[in-house]
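J.: So the protein sequences, as listed, match chains A and B.
Reading the first sequence from the start, the letters are residues 2 to 567 in our numbering.
Reading the second sequence from the start, the letters are residues 2 to 567 in our numbering.
Derived from the structure by calculation, the hints contain no laboratory data.
Check the hints yourself; a few may be wrong.
Here are the in silico distance ranges between beta carbons for each label pair [claimed, not checked]: (1) B:LYS420 <-> A:GLU147: 40 to 50 Å; (2) A:GLY481 <-> B:LYS320: 50 to 60 Å; (3) B:LYS266 <-> A:HIS357: 26 to 36 Å; (4) A:HIS430 <-> B:THR416: 30 to 40 Å; (5) A:LYS95 <-> B:LYS266: 36 to 46 Å; (6) A:LYS235 <-> B:VAL555: 48 to 58 Å.
Every residue, glycine too, gets a C-beta built ideally from N, C-alpha and C.
There are 2 protein chains.
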Amino acid sequence: MYSSLNTNGNVAAFETGPVSGRFAAVYSEVQNSRIDHALPLPSVLRNPFKVVEGPPSSAAGNPDEIAKLFPNLFGQPSAMLVPNEVDSLRSDLKLKIGVVLSGGQAPGGHNVISGIFDYLQDRAKGSILYGFRGGPAGIMKCKYIELNADYIYPYRNQGGFDMICSGRDKIETPEQFKQAEETAVKLDLDGLVVIGGDDSNTNACLLAENFRGKNLKTRVIGCPKTIDGDLKCKEVPTSFGFDTACKIYAEMIGNVMIDARSTGKYYHFVRLMGRAASHITLECALQTHPNITIIGEEVAAKKQTLKNVTDYMVDVICKRAELGYNYGVILIPEGLIDFIPEVQQLIAELNEILAHDVVDEDGIWKKKLTNQSLKLFEFLPQAIQEQLMLERDPHGNVQVAKIETEKMLIQMVETELEKRKQEGSYKGHFKGQSHFFGYEGRCGLPTNFDASYCYALGYGAAALLHSGKTGLISSVGNLGAPVEEWTVGGTALTSLMDVERRHGKFKPVIKKAMVELEGAPFKKFASVREDWALKNCYISPGPIQFVGPSSNAVSHTLLLELGAQA
Amino acid sequence: MYSSLNTNGNVAAFETGPVSGRFAAVYSEVQNSRIDHALPLPSVLRNPFKVVEGPPSSAAGNPDEIAKLFPNLFGQPSAMLVPNEVDSLRSDLKLKIGVVLSGGQAPGGHNVISGIFDYLQDRAKGSILYGFRGGPAGIMKCKYIELNADYIYPYRNQGGFDMICSGRDKIETPEQFKQAEETAVKLDLDGLVVIGGDDSNTNACLLAENFRGKNLKTRVIGCPKTIDGDLKCKEVPTSFGFDTACKIYAEMIGNVMIDARSTGKYYHFVRLMGRAASHITLECALQTHPNITIIGEEVAAKKQTLKNVTDYMVDVICKRAELGYNYGVILIPEGLIDFIPEVQQLIAELNEILAHDVVDEDGIWKKKLTNQSLKLFEFLPQAIQEQLMLERDPHGNVQVAKIETEKMLIQMVETELEKRKQEGSYKGHFKGQSHFFGYEGRCGLPTNFDASYCYALGYGAAALLHSGKTGLISSVGNLGAPVEEWTVGGTALTSLMDVERRHGKFKPVIKKAMVELEGAPFKKFASVREDWALKNCYISPGPIQFVGPSSNAVSHTLLLELGAQA
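Please put together the full structure from these sequences, using the hints given.
T.: In structure tokens, the structure reads:
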């Protein structure tokens, strides 16, 4: 029987015996075929290796503050696995390792766990792997399951996080750190692998620092997970899940493009998941060649207003109408409005007001807004105003995911086109169709790339723990080459960190990797977007294939970044 | 250069020379690999054949009325291609054939055209194939392109209708029939293939009747196209596009299911395209096993109210909460609200009122509604009221596609759950996420099934024209067997017809094939849905594969219907 976990880590009903995962689940033919898909390992992991260290590290910003926050870990060198005549690690060590999934789903998470498990089987026989249930809360509440070969098997190369489920709790307060310590001691943990995004890896590092400070033997290694693609650096070229999610969205976008061209009468406004950074939108654009693509980072850098963005769209739509095209496809990043300085200012003011004041129905609270913000607030369509006032996320931020930016932009574009029609400068016809692609991409079957990448990340993370490392993030590199040639190691988490003001306090954070306007992917896009705007250069990537053509393709973003480095 | 057509059949700009289709289009690796995918033909089409006739046919309903409307065609026998020692048709006949795409896109349309073209190349060398541009308007305005091998090649096995584009115009008035005649005469057409849904095939039959009545030599053959799956009968087991579209939606639904199970906190309300019938929703349910599936035909048969539907959902949600599951996936057919008798009544009244009266802002028009309808109208959320008043489709009907039923139901479920919470009968937590899957599925790369099926439909349609048939719909059968063994023939379009009241007049219509509550697919679903409701039996079909596992799978609906017939 399948057993399920909710986000509190409680095992749901429908268990008739011990937890048995997907044993009895009915699989589709494709799911079944993926279970036995053989996972290649980088050659360094298939042969004897030793761990070598690099030079001391610093921080991404404010190293003095980071040094204060991580007195035991700051400055750690990175680690690299290199071939050796004999294995340098004792294979008779029996390790007790925990693993936790943290935050939103990303395709490949199950393969990270499979990689850890297989490493222990291969190189530290007799070790035990615990899966903490329902995210970090599982660590705090000591809710776990011992993972064995039979339990893990049906999850190999499968999407989702349901093997042990995930959660968004954070280990933050002294009491919570105490709980984590108790679990580490109770289970006699040698190590813990935290699979998560920037926040979760920050948390992993705090945990590593705390365990070391308390002289606990438990080491902590992070793994870079997020479909958003905003957790990356030189040593961690991409986060897992980005490849699969983008390919799923690009399939849909490609289909919608062919539909637009066949029908000839719709502008499809596609909002794509990706709250903080616009990597997903940029990657999907590079895969599909839409007529208009808005990149949040560019909007922010150019200090554009909502009106500027609308005018850009309307200009392209008018030019296309003159060419006889009254259709098109427009990509918009989920977090767009958060990139627009005037909106950012408004949201910042709203965050402050909502944190401290009562929002009265008569709107007296609005007097606390600056003039510019009040003007913008009242300029927004009613529905958007309401969405801005919705409840906050756990960090106290506006939930941009709930704002239907694509519908707001359709309304604004319609209004402006109507104006130009009356001025005589537009003679076309416009019909907008809105789409949001998000949840469809987080739990798809991982692509061959994500499947292999995750397996290597997990296998490597276990090797790092085996060698006694802590406070590192599992780092697999040389990803443009065949898997055989990938490099494996770990990067000091403190080297990715900066400090940031949250809830009025300085906190360590892993600097999010934003779309770089001087980076190769954006420059490639910028060099061709005018062609894409007026000519129809649509590409339809089609559904992800697991065998045959394109089945081993790597994302454009990764390839371009690797090319620029080379 | 790629050249595009708008729905009026006008060639858009960006042409630098003769129309050149997708010649210069950049293709993805998967698109490219599909172009040269070899299309198998049923053995009857690969060898010499003759055409045999069945017994005289009748009509699906009101045969006397149909006989009056189609004096030249009524009663025609069906035709079947059977192996013969020698080819019975003259290969030295040089035919002039036109083809037109009518109505909404469906994956495989380009392969129908490829099939017609290849038939003419193989069996009537020297024939000419004209593609009418932008749908039936292309016939009326004589906008066409002569299709040759180079032009057609890049469209083989590709999604979309952009080879010649489609349109929703109908040939209805005496003037329009006159225009069609003029085109037929001008181009000296021996035949015309109309690729379309129920309306378009009805139109094809009217055209065939008219041409025969006028003693024109132009014959007309229809082809069953619609992702909705509601154009089928014994001889036409399925319409093309249904297979691909359902598999695309099922991929997304499967992904969302794994997400729901991993996250544990969302109810995903998925509305699926399919205006009149719920075949898509039923097929997607059979492929993925959601917790709740609403089938419009059942709602109508049981005369359920909106409150009944809401209560059914809420009952399941409450039971799941008791079991610890505060998540789930719910499928809703696009046309749901049109199936609910009380809503149908309201829409009928609105259609009447809007056709004849002015809708004043003060709402005086509402007094024309019956009490029951007024009550329901005012019970609906404001947004839905507004959507009901939106502009009509060309048939004068409410545009159900514009009604966001999934959001309406989330609101209604929330309200009812809140009530039960206060009564103490519900202790769970509920968060709804809405999705609409529609445009993503109409233009995907056709599955192997749709690719082969369409090719055979087109090849067969040309054979029927070659043999002098008219007023038939291309019919390919025995679809559960390998392509080799498929049967090929034509079915009298009048035999699919009934009369219906539209705009206050009787008109011939092809009876839409609705989900049969006594049919095998629904009965299968009904026998397992209670298990699906409370246990989590999710199946994730994964992305469509073109080679390897599942690449030749056939839809559950078709297999179950064939099984029940066998």
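J.: If you check each hint against the structure, which ones fail?
T.: Those not satisfied: there are none.
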